[in-house]
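**Student:** Chain by chain, the residues run as shown.
Protein chains: 2
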Amino acid sequence: MGSTCARIAIDAMGGDHAPKEIVAGALRASEELGVKVLLVGDPQQIKAVMPPKTTLERVEIVPAEEAIAMDEEPLNAVRRKRKASINVAMDLVKNQQADAVFSAGHSGAAMAAALLRLGRLPGIDRPAIGTVFPTIMAGKPVLILDVGANVDCRPKFLEQFAMMGSIYSQYVLGTDTPKVGLLNIGEEDTKGNEQALRAHQLLRDNSLINFVGNAEGRDVLSGEFDVIVCDGFVGNVLLKFAESLGGVILQILREELPQGLHGQIGTALLKPNLKRIKQRMDHAEHGGALLLGVAGVCFIGHGSSQAPSIFSAIRMAKEAVDNQVLERLHSQYEILQRGSG
Amino acid sequence: MGSTCARIAIDAMGGDHAPKEIVAGALRASEELGVKVLLVGDPQQIKAVMPPKTTLERVEIVPAEEAIAMDEEPLNAVRRKRKASINVAMDLVKNQQADAVFSAGHSGAAMAAALLRLGRLPGIDRPAIGTVFPTIMAGKPVLILDVGANVDCRPKFLEQFAMMGSIYSQYVLGTDTPKVGLLNIGEEDTKGNEQALRAHQLLRDNSLINFVGNAEGRDVLSGEFDVIVCDGFVGNVLLKFAESLGGVILQILREELPQGLHGQIGTALLKPNLKRIKQRMDHAEHGGALLLGVAGVCFIGHGSSQAPSIFSAIRMAKEAVDNQVLERLHSQYEILQRGSG
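Chains as they are written, first to last, in my numbering: chain A, 1 to 341; chain B, 1 to 341.
Please keep in mind that the hints were generated in silico from the structure rather than gathered at the bench.
All C-beta atoms, glycine included, are put in the ideal place defined by N, C-alpha and C.
This list has only true hints and no planted wrong ones.
Some, not all, of what chain B presents toward chain A, calculated at C-beta under 8 Å: (1) M70; (2) G192; (3) L239; (4) S244; (5) L257; (6) Q259; (7) H262; (8) G266; (9) L269; (10) N273; (11) I277.
Okay, chain A solo, but in the shape it has when bound:
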């Protein structure tokens, strides 16, 4: 690493609320987590949103001339705009000036930039975006991948996602022999679309992972699976649906709980507990996703991310660096490949 603290390159221009919220989250992370943040983007815009008294001890601004908008075709944009903030951020990791990169910009562009600048891990055709969902079993999260990098997947991509997810779950989330499931529309082997039917066979025949079968939508939060693989289209729909639920549930509670006199008193008494429920369901607490399969530690946030999500994602990036995720993924994948070869 060459540094006592994790160095996180941050695409300050990526996201609906860039650079203001990105910079705010990054500065907080630098202060509270002791990470070094490298803010990549237009220095003028970045400085304009920094409080005047910002200490620059663990904060560095790295100039980038351009940015990639949410509606651009990602691969072309990344190729054309060579000095775009996401490209410059990836280069910092490539040149070992940073240990990880974070962007809340166009996730397709982040993947394209990671692929072009950092390349893939050996044995991986297509990297995936993995995200950790809490389940109803306390302390037993489930890693879902892909949640948006690959909208059209071949079955062998899903097999690779399963292998990477299994390693991540074991070495970062601390799961013994992670239970891997394939997101599908039924438990039976005969259910599913073409892609799922063929992926099921590949997963079943892969002796290097603990494939326990199909996972239906209702199994996602059950805690029965440690890793669930799916294509990036289904995964993204599911992720965004899940993220909207905190607000939906709070609204139902706000409407139903205070009804009647008992309801009003009871709700007043429960105020602190309701606040804790809000936190438990708030997606700002789980704001980052990991790009698995590229030769660097890359985290991606939602376009709508605000400072708390940015902070949370940087914390995840720091944990990934501290836990040597990339090195483990790299070496473990090579071991798995030798085993299967």
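Mind docking chain B on chain A? Use the hints.
**Tutor:** Here is chain B on its own, set in the frame of chain A:
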């Protein structure tokens, strides 16, 4: 109709809890809703689960020799087992001895039987399963289709789903100019997989529906869309995920609300309100889905359905019959076809 009350043919052998729960739900529907139920299946098994004092006034047992199991390949099974309960039930509708059919068995088999026995509505390539989700806007549900009939869809199928869904939303759910969305991974026109990109173009160019653009996962429950179309794989994953949430949320509430002394008192005071929240989220209250695009009123329940879900689905079938859904769909679709031709 030839009958003063709606006559519902029920596949008594379909579902994980058949025939016991199916029969229990059907008998309750007959008694409370005034519908005639035609219980299709093995008379011995059906009689064995009927209470001895059942009045047979609006209950009829229609013998069927076979049943289709959940792990059978649907089209083959429906063709091979010509006397299977789902086939016999469809024939009752075909022969105008029943006004609607309900099955909690293999949904693929129900669709295959409906296609083979009843046929499709004119202009429809593939029927879809539609289901109504409540949204955060009270009294403003959203119709999602397809939720499982077609796991591999062509873009024009999605366009047909949009047209059928729009009619259903307008004439059954009472929506003025229903807002139609395409389930996708981003708001922008350039986002999505091959299928979604092409479907987006078809929907945008279709002047007969009010297509308002892509709907992301987070938009499903927002109430901003009246109809959301997707392929049956994504829709099924989403549906089953959504159905699992009631239990998940209740568990979070059970864990978090009673903490501390204030929490215990508050929770005790809120008992009736919490019960109402449970009901609002319980999928037994929303237990049926409509098979749209076949030449008959067909409702489908989950394999795991128990008596309350069966009752709820039969109530939906009765409402569809009473509101002349099929006739409206048929005539409206012909008008639309003339308009587009």
